[in-house]
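2 protein chains.
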Amino acid sequence: MFEIKYRDALGRVGILNINGKKIETPTIMPVVHPNPKKQVVPIDFIKKLTDVIITNSYITYITKHLRELALKIGIHKLIGFDKVIVTDSGSFQLGVYGDVKVSPREIIEFQEKIGVDVGTILDIPTPPDVDKEKAEKDLEETLKRAKEAVELKKEKNFRMLLNGTIQGSTYIDLRQKAAKEMSKLNFDIYPIGAVVPLMESYRYREVVEIIINSKMNLPTNKPVHLFGCGHPMLFALAVALGCDLFDSAAYILYAKDDRYLTERGTLHLEDLKDLKDFPCSCPICTEYKPKELYNLDKKEREKVLAEHNLYVTFEEMNRVKEAIKEGSLWELVEERVRAHPKLLEGYRVLKNYMYYIEKFDPVTKKTAFFYSGIESMFRPEVYRHKKRLKRLKYDKVLITNISKSIEKPYHEHLNVKETDVDILIKNPIFGFIPYYIDTVYPLSQHESPEFYDFEEKVGEEFQREFIDWLKKRAKILDIREYNQYISLVDKFDGDRFRIKRMLEYQYGKDVIEDLKIKVVRSKNTGRLRQVLDENDNILFSIRSHDNFLIPTKLGAKLLWEKLEFPKYRVVVDKEAEPFAREGRNVFAKFVIDCDDEIRPYEEVLVVNEDDDLLAYGTAILNGIEMKEFNYGLAVKVRGGVKD
Amino acid sequence: MFEIKYRDALGRVGILNINGKKIETPTIMPVVHPNPKKQVVPIDFIKKLTDVIITNSYITYITKHLRELALKIGIHKLIGFDKVIVTDSGSFQLGVYGDVKVSPREIIEFQEKIGVDVGTILDIPTPPDVDKEKAEKDLEETLKRAKEAVELKKEKNFRMLLNGTIQGSTYIDLRQKAAKEMSKLNFDIYPIGAVVPLMESYRYREVVEIIINSKMNLPTNKPVHLFGCGHPMLFALAVALGCDLFDSAAYILYAKDDRYLTERGTLHLEDLKDLKDFPCSCPICTEYKPKELYNLDKKEREKVLAEHNLYVTFEEMNRVKEAIKEGSLWELVEERVRAHPKLLEGYRVLKNYMYYIEKFDPVTKKTAFFYSGIESMFRPEVYRHKKRLKRLKYDKVLITNISKSIEKPYHEHLNVKETDVDILIKNPIFGFIPYYIDTVYPLSQHESPEFYDFEEKVGEEFQREFIDWLKKRAKILDIREYNQYISLVDKFDGDRFRIKRMLEYQYGKDVIEDLKIKVVRSKNTGRLRQVLDENDNILFSIRSHDNFLIPTKLGAKLLWEKLEFPKYRVVVDKEAEPFAREGRNVFAKFVIDCDDEIRPYEEVLVVNEDDDLLAYGTAILNGIEMKEFNYGLAVKVRGGVKD
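Chains as they are written, first to last, in our numbering: chain A, 1 to 643; chain B, 1 to 643.
Hints in this document: simulated from the structure, not taken from any laboratory.
Any given hint might turn out to be false.
One copy or any two copies: either way a pair holds, since identical chains are not told apart in the list.
[Stated by the list, open to error] Simulated crosslink set (EDC-like; lysine to aspartate or glutamate; CA at most 16 Å straight-line): (1) Lys276 x Asp51; (2) Lys289 x Glu24; (3) Lys77 x Glu513; (4) Lys154 x Asp257.
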């Protein structure tokens with residue numbers, strides 16, 4: 001039902017298949033009133049923007065003529081929208097009024113009867129800061145209702161998908177528990193509920209904590225819906241945390257209040273009215289001058305303002321998708337979080353969760369890593385590099401600084417006599433950039449400003465720790481020792497040593513070992529291009545944009561031989577074996593096991609249960625997702641192995 | 001000719017009057033081809049977006065049929081645009097081809113003859129990194145031509161305005177010299193030339209250095225045009241540095257190359273084509289799906305892409321204007337500079353120029369100061385506070401930290417026994433927040449995230465310096481001494497002391513001194529609202545959003561009496577005296593002298609040459625501008641003084 005097309009951070013551009021109706025995520029569902037007469041923005045306008053809307057089944061249920069009509073002609077005809085309709089259940093009203101006039105079972109049955117595509121259980125939306133006891137009691141009730149809803153769906157063979165909402169107020173342990181328990185019930189989509197009051201009061205740190213702690217305990221193959229999040233300012237961060245679905249009543253609620261949404265925050269029409277032009281070029285803002293719009297009568301103003309609000313809302317979501325496809329979602333997030341200091345505070349919290357986030361962040365990206373401030377020092381690309389630095393099998397090491405004026409990749413601009421001494425170049429972001437892997441993403445593929453002095457000190461703690469680690473494993477040479485040593489080295493194959501270190505960094509092991517190889521450099525650029533065996537067969541080609549070692553069939557066999565099971569393996573079902581051997585892509589449903597440590601976009605080996613090599617290619621999912629997803633690609637296969 | 005409407009940073013929303021045609025700045029002038037057949041985007045489309053375009057007088061001159069037509073019907077009819085037309089002179093072609101087929105004098109005369117609104121001298125565009133000797137020689141030639149052009153204009157009584165371009169390559173001293181010399185010639189507009197190669201190679205640090213060093217040596221009352229800057233990503237920063245005019249050939253050059261402009265950078269149509277929707281909601285991106293646009297034939301694609309590029313270009317300029325009006329231009333800049341690390345590097349350079357920038361930055365803003373990272377610690381609001389901290393007449397001081405959980409304003413949430421001890425609360429951004437002025441902008445009107453430990457250390461250097469300064473002037477109490485001291489204080493009028501400190505902070509002096517006063521607090525909010533004299537006449541009201549002390553007529557008289565000339569004075573011409581006394585606004589052309597230290601939006605005293613008080617009100621210009629501007633408001637007068 002849910003598959004990943006593109007990904008970055010915990011974010012994903014995915015396809016969600018709802019009984020044959022497909023929607024692309026992340027997306028935002030405009031809240032539409034079930035009574036067309038009460039809908040300020042015409043449904044035909046909304047149709048042009050979206051394939052999915054959300055409406056309220058409870059209002060439909062308690063309003064007699066709507067109920068009767070919905071039961072008769074279905075929710076799609078009632079609203080006039082034939083694509084995906086999601087419904088809320090009345091739990092919002094429960095939160096506001098303390099009571100609703102429908103039972104949890106009735107409202108589930110009603111949603112199915114009127115033909116909604118995705119229904120929601122009648123969960124208890126516990127507000128922030130309540131007594132823990134109350135939050136626990138509410139959660140128990142939600143879980144009970146969730147179980148009943150799932151059983152009902154099964155028993156009556158409901159067609160609609162079901163939302164299982166995560167509650168738990170501001171108690172992180174309760175959110176974790178809710179996520180764990182709800183996961184067991186196998187809902188189709190997991191909304192995160194009752195965060196609106198936190199968002200309204202700029203408590204973004206807690207919103208982030210709630211999302212990430214829910215996310216870490218939910219299955220990776222189910223979309224997550226951040227309930228009530230309709231402000232475009234929050235989309236980039238929320239998507240980067242793994243939220244796939246959003247809903248917006250904001251577009252109309254803000255419009256009623258003469259508030260003008262932007263991707264950077266909210267403006268008031270009152271403050272805009274004296275501007276010559278609107279700071280937006282949507283069709284509304286192109287058609288109206290601020291004064292004109294301001295002078296429209298209330299009803300018309302509300303409508304056009306709501307339309308503007310929808311335009312910028314979708315625009316920002318499209319921007320987020322574009323950033324995911326390009327591999328620059330973190331860059332977008334790091335711009336957007338500057339829109340409010342409390343949003344920046346929320347972002348800063350991620351530092352504590354990088355051990356988890358890193359597992360999902362692609363190992364290579366189309367675009368360079370852009371440093372935007374100290375926050376960037378804690379990004380997953382940096383976290384991973386600091387871990388993988390320890391994959392190299394250091395023997396003799398020189399630690400050094402180099403002048404800021406030296407361009408990347410350093411080894412092309414430094415005049416170094418190459419020996420088996422690893423030169424670790426100090427770097428404020430990455431800690432150290434080893435000379436021999438300096439072309440590998442992101443070590444050359446990053447941009448930074450000139451640093452402040454105090455900024456350079458931020459990374460010193462890691463540098464000290466790493467040197468302590470290193471001292472136990474290698475000989476650290478001072479410059480005198482280094483010079484003395486290299487003066488004694490006569491002939492040294494630097495390119496071979498470079499390949500060795502690149503293999504260690506990428507695969508954790510030098511699979512070449514004592515094999516005779518040739519390293520081919522490009523005649524045009526002088527850069528590494530291929531690794532050949534002694535018979536001039538290609539083992540690896542070196543991808544130009546990230547300098548990853550991409551195996552040929554021979555290279556894959558070498559990796560398979562030298563890397564112990566289950567390293568870099570994706571184990572597939574017998575059924576998939578012939579297809580894989582033919583070089584066809586591996587779909588997630590055929591994966592039965594894999595190396596947990598696989599990261600998205602790593603080069604992996606496809607094997608059967610006996611660890612026979614079937615194919616090799618690029619992992620689209622990480623080690624956790626491989627086992628959880630049932631739809632979509634798991635490995636984009638480069639080639640099959642028939643023998 | 002040029003007047004300021006709104007302002008923030010060095011940026012200003014202004015009105016430039018060009019022989020009766022008014023344009024609002026900052027603005028961007030689309031580059032239009034003088035031959036309508038070669039113009040890809042129809043002029044009717046451009047008309048809807050702008051009141052000013054730029055075209056090339058040299059191409060018009062050397063193309064026979066264009067020249068003849070232009071001489072016959074004028075440039076406006078030739079192009080089909082009846083608003084403001086600016087022309088370049090061929091100096092671009094001079095830069096590219098090394099030679100042009102027109103003399104400096106001919107091209108000036110030609111521009112006047114064809115009726116352009118703003119012409120340009122044929123300056124020498126020296127590229128970056130040339131030998132200094134060459135740069136000097138080129139500059140001499142430019143200055144010579146500039147002099148000749150100005151004389152010619154005078155002699156022949158030309159109607160058109162004249163652009164006097166600043167050159168000097170990457171030599172800052174030459175740029176400074178160019179600005180100084182050109183200033184003497186009294187041009188109407190000052191373009192900064194030959195920065196395009198720097199922008200193309202991301203050398204933003206040098207672009208910033210060139211702009212600010214030119215700006216510091218140019219008259220404040222003339223618009224500055226950043227020649228060739230058409231990428232919306234750069235607008236916020238360039239406007240914050242005082243650039244008023246921009247031109248864009250980028251919109252069409254990028255379109256020819258299938259490049260899609262955004263306010264965050266440039267995307268390629270190739271990379272966008274597989275997206276479901278464009279990350280923009282301009283009429284073009286709303287009408288076309290990426291695949292559709294990508295599949296248009298080359299000519300049509302170029303046109304619609306150019307139209308998109310124009311939409312986002314104007315959108316960003318409108319966003320910049322909105323930010324200026326709102327007082328949040330620094331916030332916008334601090335978001336935009338994250339779009340590229342080299343742009344961030346450019347921004348960081350401003351730290352070295354804050355002594356100048358601060359003079360122009362309004363003392364109060366409508367919106368709160370948002371901290372977006374370490375860069376924010378060097379903003380003008382902070383620089384000014386650190387200077388004005390020394391305005392308080394400290395006697396006994398306690399220096400302390402307070403818990404992060406205490407809300408602002410601190411004095412409302414701390415349980416302090418008020419005495420004449422100044423309590424200085426350590427703050428990572430502002431250094432210290434004095435307890436008695438903690439409500440004054442920006443001390444309560446700022447938002448920050450929870451700080452990183454290392455971030456807190458950044459401000460320590462200032463704190464140490466300040467304490468050293470303080471030690472020579474006051475007694476710094478430790479907590480034991482403080483407790484002992486306050487236990488002895490019996491009765492203390494904290495409110496009066498607060499007003500005293502607020503006056504010192506705002507005006508540099510306690511003008512109340514030993515006057516009997518009453519301090520009135522709001523019955524609703526408990527906050528300070530008014531300062532009365534002993535007869536209950538209001539001296540100052542306390543403005544709620546920034547807690548500035550706004551004088552009544554009585555208060556103004558008190559300030560006038562107690563503050564020595566020329567402090568806070570704006571001296572006006574005899575002619576203006578009766579109007580000022582009646583409470584009418586003071587226009588810049590009547591200002592004959594003033595306190596150099598006046599900052600925009602400060603409360604000031606309007607006096608005549610004998611220092612008789614005429615009126616009081618809010619300065620719209622700073623002390624430098626007051627003397628240089630000849631148009632627009634200088635002081636928005638609150639009231640006149642007749643007696």
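Identical-chain pair category, Lys276 with Asp51, by Cα at 16 Å: between (35 Å within a copy, 12 Å between copies)
I want to check one pair: Lys77 and Glu513. Are their C-alpha atoms no more than 16 Å apart within a copy, between two copies, both, or neither? Neither way: Lys77 and Glu513 sit 68 Å apart in one copy and 77 Å across, limit 16 Å.
Since the copies are identical, ignore which copy is meant and state whether Lys289 and Glu24 lie within 16 Å (CA to CA) inside a copy, between copies, both or neither. Answer is between: at 15 Å across copies they meet the 16 Å cutoff, but 34 Å inside does not.
Within, between, both or neither, where Lys154 and Asp257 count as close if Cα-Cα is 16 Å or less: neither (44 Å within a copy, 56 Å between copies)
Hints 3 and 4 from the list above are not met by this structure, while the remaining hints are.
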